[in-house]
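Asks: This is what each chain is made of:
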Amino acid sequence: MVNLELSPELRRYERELREWSVEMVRPHARKADTDHEPPANWKEIIDSCPVPLSKNTAPAGAADHPEDLPTFPDGELMRGLVQYEMLNYGDIWAMHCMGGGIAHIVVRMLGTEEQSKRWYEPIISGGGTTGFALTEPQFGSDTSMIQTRAVRDGDTWVLKGQKIFCSHGASADFVVAFATTDPARGAAASEAFVVERGTPGFEIIRANEDKLGLRSWETSQLGFDDCRIPLENRLGYVPGADGTAGGGRLGALSVLNNNRPNVGSMAIGIAQAALDVTVEVLAEQRHGYRPHRWSAIQDDLDAMSAALERGRRMCRRAQWMRGQGLPNRLEASAAKAFSPGTAERVVRRCMQILGPDGASTDLLLEKWYRDLKILDIFEGTGQVQRMVVGKELAKQAG
Amino acid sequence: MSASFDLTLPDEVVAMRQAARSLALGRLDAVAREVDTTGQVPADVAGHLRDMGFTCVVDSEFGGGGVPDTHTQLIGVETLAHGDPSIVGAEVFTGGGALLLSLLGTAGQRRRFLPGAAAGSAAAPTVALYERFEPSPRAYDTEITRMPDGRYLVHGEKVAVALGGGADHVIVVGRDPEQDVLRAAVVALADIEVASAPAQGHLAMSSAGLTRIRFDVTVDADTLLHDEADGVTLAQAVARTRLLPAAVALGGATRAREYATRYATERVAFGRPIISFQGVSFTLADNHMQLDAARLGLWSIATALDGLDDDRLADEVGRTVAECHAAATTATRDAIQMLGGHGFLTDHPVELWYRCTALLSTIDCDPRFTRFAPAV
Chain A
1 MVNLELSPEL
11 RRYERELREW
21 SVEMVRPHAR
31 KADTDHEPPA
41 NWKEIIDSCP
51 VPLSKNTAPA
61 GAADHPEDLP
71 TFPDGELMRG
81 LVQYEMLNYG
91 DIWAMHCMGG
101 GIAHIVVRML
111 GTEEQSKRWY
121 EPIISGGGTT
131 GFALTEPQFG
141 SDTSMIQTRA
151 VRDGDTWVLK
161 GQKIFCSHGA
171 SADFVVAFAT
181 TDPARGAAAS
191 EAFVVERGTP
201 GFEIIRANED
211 KLGLRSWETS
221 QLGFDDCRIP
231 LENRLGYVPG
241 ADGTAGGGRL
251 GALSVLNNNR
261 PNVGSMAIGI
271 AQAALDVTVE
281 VLAEQRHGYR
291 PHRWSAIQDD
301 LDAMSAALER
311 GRRMCRRAQW
321 MRGQGLPNRL
331 EASAAKAFSP
341 GTAERVVRRC
351 MQILGPDGAS
361 TDLLLEKWYR
371 DLKILDIFEG
381 TGQVQRMVVG
391 KELAKQAG
Chain B
1 MSASFDLTLP
11 DEVVAMRQAA
21 RSLALGRLDA
31 VAREVDTTGQ
41 VPADVAGHLR
51 DMGFTCVVDS
61 EFGGGGVPDT
71 HTQLIGVETL
81 AHGDPSIVGA
91 EVFTGGGALL
101 LSLLGTAGQR
111 RRFLPGAAAG
121 SAAAPTVALY
131 ERFEPSPRAY
141 DTEITRMPDG
151 RYLVHGEKVA
161 VALGGGADHV
171 IVVGRDPEQD
181 VLRAAVVALA
191 DIEVASAPAQ
201 GHLAMSSAGL
211 TRIRFDVTVD
221 ADTLLHDEAD
231 GVTLAQAVAR
241 TRLLPAAVAL
251 GGATRAREYA
261 TRYATERVAF
271 GRPIISFQGV
281 SFTLADNHMQ
291 LDAARLGLWS
301 IATALDGLDD
311 DRLADEVGRT
321 VAECHAAATT
331 ATRDAIQMLG
341 GHGFLTDHPV
351 ELWYRCTALL
361 STIDCDPRFT
371 RFAPAV
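Protein sequences, first through last, are from chains A and B. Note that the working numbering gives residue 233 to position 233 of the first sequence, counting from 1, and the numbers run on in steps of one. Note that the working numbering gives residue 127 to position 127 of the second sequence, counting from 1, and the numbers run on in steps of one.
None of these hints come from the bench; they were simulated from the model. All C-beta atoms, glycine included, are put in the ideal place defined by N, C-alpha and C. Among the hints, a few may not be true.
Calculated from the model, a selection of chain B residues having no Cβ within reach of chain A, i.e. all distances over 12 Å [stated by the list, open to error]:
id, residue
1, Asp141
2, His342
3, His348
Computed Cβ-Cβ distance ranges for the label pairs, DEER-style [what the hints assert, rightly or not]:
id, chain 1, residue 1, chain 2, residue 2, range
4, B, Gln40, A, Lys31, 22 to 32 Å
5, A, Thr34, B, Asp29, 48 to 58 Å
6, A, Lys31, B, Glu193, 24 to 34 Å
7, A, Val281, B, Leu153, 44 to 54 Å
8, B, Gln278, A, Gly201, 40 to 50 Å
9, B, Gln278, A, Pro327, 50 to 60 Å
10, A, Pro327, B, Thr8, 55 to 65 Å
11, A, Gly323, B, Glu193, 42 to 52 Å
Looking from chain A toward chain B, a few residues come up when the C-beta cut is under 10 Å (computed) [said to hold, decoys possible]:
id, residue
12, Thr135
13, Ser141
14, Ala184
15, Ile204
16, Ile205
17, Gln285
18, Leu308
19, Gly341
20, Ala359
21, Lys373
22, Phe378
Construct all of the structure, not just a fragment, from the sequences and the given hints.
Replies: Below you can see the structure in the form of C-alpha cells.
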C-alpha cells in the first residue's frame, strides 16, 4: 500500500535528533562561521546526541558503530536522510564533524584488500581524517579535463598539479588525489593515489579557502610539486604487476552520486530551520501587519512549507528506490535539482518577509543563505542534475 | 510638439555615465573587498562619489553639483553600482537626507546642513524611511502629529536607517494622521533610541551601519520639511528616494551578469565554452531580459512620478522596486551558479554582489508584489 509517511519509530528518532540539534548544535553556528572552524569541543557536542548517528569513521566500541545504529522499518537509507536533514536543521557545521572525510571510503572502493587494510581499516577502527582531492582550478563538472599529472619513474610515481575544494585536505592524515597518466586521454587515464601528510612535494597552498559560506568546513587548495610516492600508493596496485590499473578510475566514483538525495536533505534541513525561525519571529509580530499584507505573507509561508515537503518527498523517494535496488539516477538527480535551489529561495524569501533585520547577524538566516549556495553546486551542479534528468528521460523515450 | 517615446540620452548624461563607469571600474571595484571587511570607505573614494553628485545630492547653491533629474540620478547610481553595489548602496542610504533637503528643505535647514555635506566636512542628515510592517509611505505607522501648542509629536519605529556615515540628525518621514498627508521632520539623533544592537551586521553594505531606531519626540514646527517646493511634493521625493536602492541592485546585478557571461565564454567544459550550452546561455539571456525589463520599469515610473496620485504612486513604486529586486537577486545567484565552485570563493567578487542584492531586497519589500516560487 502506498504510504509516504515515515514510521512512528523513525519520526520519534527524527524528533529527538531535531531537538538536540537545536539545543546543542545551533548555539555554535555563528561562532563557527566567524572562526572558520567548528567549536573546539565539537566531539563532546556530537557525543551528547541522545540518538545514535552514523559517521564516516566509527571508532570501535562506540555507540555510533554501524551495527549499533537502530534499525527502522523505513530502512537505513531513510534514517540517513533524517540524520542529514536534522543535523543541518541545527546548523551545517556539525556535518563536517561526522567523520573524517571520505578518502578512506574511496580506498575501500578502488583499492586492493592490502590497501584497505593499510588505509581504510585503521581509520574505521581508530579514527582519523582523510582528504579527497579531485577538483582542479580549470574543471569542476567535466572530470575529463583533469590535468594533475602522474608520471612513472622507476619504483615511484611523481605527481604534479593543483587541487581545489579538497575537503579536510589540510588536516588529513592522507589524501586520495586523482591524476592522469596521459593528459591527452584525461579522465580515461586517471588513477587514484594515496598521498600521506608530510610527503615531500605535497603542499598545502591554502588550508581553508575563503568562502561565501560553509566557512567552518575545511576545504583546501593543495599542490603536488614533483611529489614522489611509492608504486603501492596507487589504488588498485598489485605487487609484481607493472603499470596502471588501466585508468578510468574516476568512473568508479559514480557510486558517490548516491549522496545526491542526502545533499538535498541538507538543503531542506537548513531551509526548514529558516522557515521555522521566521514563523517564530512573526508570531510575536503578527499584530503589526495590516490584514491584506498578513494574508500575502501567510500564503507565502504555506507555499514555502509545501515546497520543502515536496523536496523532502523527492529525496525520500530516490533513497527508497535505491534501498529497493531500483535504478534511481533520474530520481536522485531530480531531488538534488529541486531541493537546494528551492531552499535558497525559501531562505531569501524569509529574509525579505522579516525585513532588513532578517538579513542581519542577529539571526542566522543570512548565514544559512550563504551556506546554502554551495549545495546547488557541489555533488553535481543544478545544471548537471538537469542534464542527467534530461538524458534519463531521453533513454525512457528511446 | 508633444513628447513621444524616446530613450535617447542627452550628451551630458552619456558623458556623465562614462565618468561614473570609470570611477566604478577604476576605483570602487578595487576597494570593494576592503570596504566589505572594514566597513570603512577610503576618504578618496568617498570624495569621488560626493563629487559625482548622485549618491549625496546637494543643491549647487550650497556648493554641490546640483540636483539632477530623477532619470539622470538613477542612471548615475546604477552605473556606479557596477563597481560595487555595497559601497554605492551604503552611500545612497547615508546620503539620502541631502536629496530631501535639496528638494524640500527650508532655507534654514538647507543653510545649516547642505554646505557641510557638499564639502564633506559634515554628514548630512540621514533618512528614516523604511518600516518593518508597512512598505507604503501612504500607510506608514510612524506618525508626525501637530500638537495644540503648534509643535509636532514624532512617534514610531524605522528600519534600515544608515548611521554609518556619522550623521547626527535624522529626517523622519511619517504620516500626519489628521491631514492624511506625508510629513518629514529633522530630528536630532540624540533624541532617538537606537533599537537594534550597535554591532549588528548585515549580509552586505557594511559601511552603511543599518540600524533600527525608535522615537517618541516632540519637535518644533521649523524642523518640518516643506510639503511641496518647486512643483515637487514630499510624496514624489520619497518615491524617488525609494527608487535609488533598486537602481543600485540593478547595477550590481548587471555587473554580475556581465562577469558571469565573460566567465562562461572563457570557461571550457565538455570540449567547448560553457556558454554554448543552453543551460548556461538561456539562463544568462533570462537574466539580461529580466534586468532590462526591470530597468525600463524603473525609468518608466521615474517619468510618471508627478502624474500619479499618492496612493497609486506608492503602490506603483513598490511594484517596480519589487521587480527590480527580483531580477537582481536572481541574476546574482545565477552568476554564482555560472562560476560553479569558483563563484563560492571570495577570489571572485560575485559573492559580494549576491549578498548585497539579497540585503537590498529585504529593505523595501511589499509581500503583495512578489511571491515565493520554488526552483522547479
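Asks: Now, for every hint given, state plainly whether the structure supports it.
Replies: Consistency of the hints with the structure:
{"no.": "1", "hint": "Asp141", "result": "8 Å, violated"}
{"no.": "2", "hint": "His342", "result": "8 Å, violated"}
{"no.": "3", "hint": "His348", "result": "10 Å, violated"}
{"no.": "4", "hint": "B:Gln40 with A:Lys31: 22 to 32 Å", "result": "24 Å, holds"}
{"no.": "5", "hint": "A:Thr34 with B:Asp29: 48 to 58 Å", "result": "26 Å, violated"}
{"no.": "6", "hint": "A:Lys31 with B:Glu193: 24 to 34 Å", "result": "29 Å, holds"}
{"no.": "7", "hint": "A:Val281 with B:Leu153: 44 to 54 Å", "result": "29 Å, violated"}
{"no.": "8", "hint": "B:Gln278 with A:Gly201: 40 to 50 Å", "result": "42 Å, holds"}
{"no.": "9", "hint": "B:Gln278 with A:Pro327: 50 to 60 Å", "result": "26 Å, violated"}
{"no.": "10", "hint": "A:Pro327 with B:Thr8: 55 to 65 Å", "result": "60 Å, holds"}
{"no.": "11", "hint": "A:Gly323 with B:Glu193: 42 to 52 Å", "result": "58 Å, violated"}
{"no.": "12", "hint": "Thr135", "result": "7 Å, holds"}
{"no.": "13", "hint": "Ser141", "result": "6 Å, holds"}
{"no.": "14", "hint": "Ala184", "result": "14 Å, violated"}
{"no.": "15", "hint": "Ile204", "result": "16 Å, violated"}
{"no.": "16", "hint": "Ile205", "result": "12 Å, violated"}
{"no.": "17", "hint": "Gln285", "result": "7 Å, holds"}
{"no.": "18", "hint": "Leu308", "result": "9 Å, holds"}
{"no.": "19", "hint": "Gly341", "result": "3 Å, holds"}
{"no.": "20", "hint": "Ala359", "result": "5 Å, holds"}
{"no.": "21", "hint": "Lys373", "result": "6 Å, holds"}
{"no.": "22", "hint": "Phe378", "result": "7 Å, holds"}
When each numbered hint is compared with the structure, violations occur for hints 1, 2, 3, 5, 7, 9, 11, 14, 15, 16.
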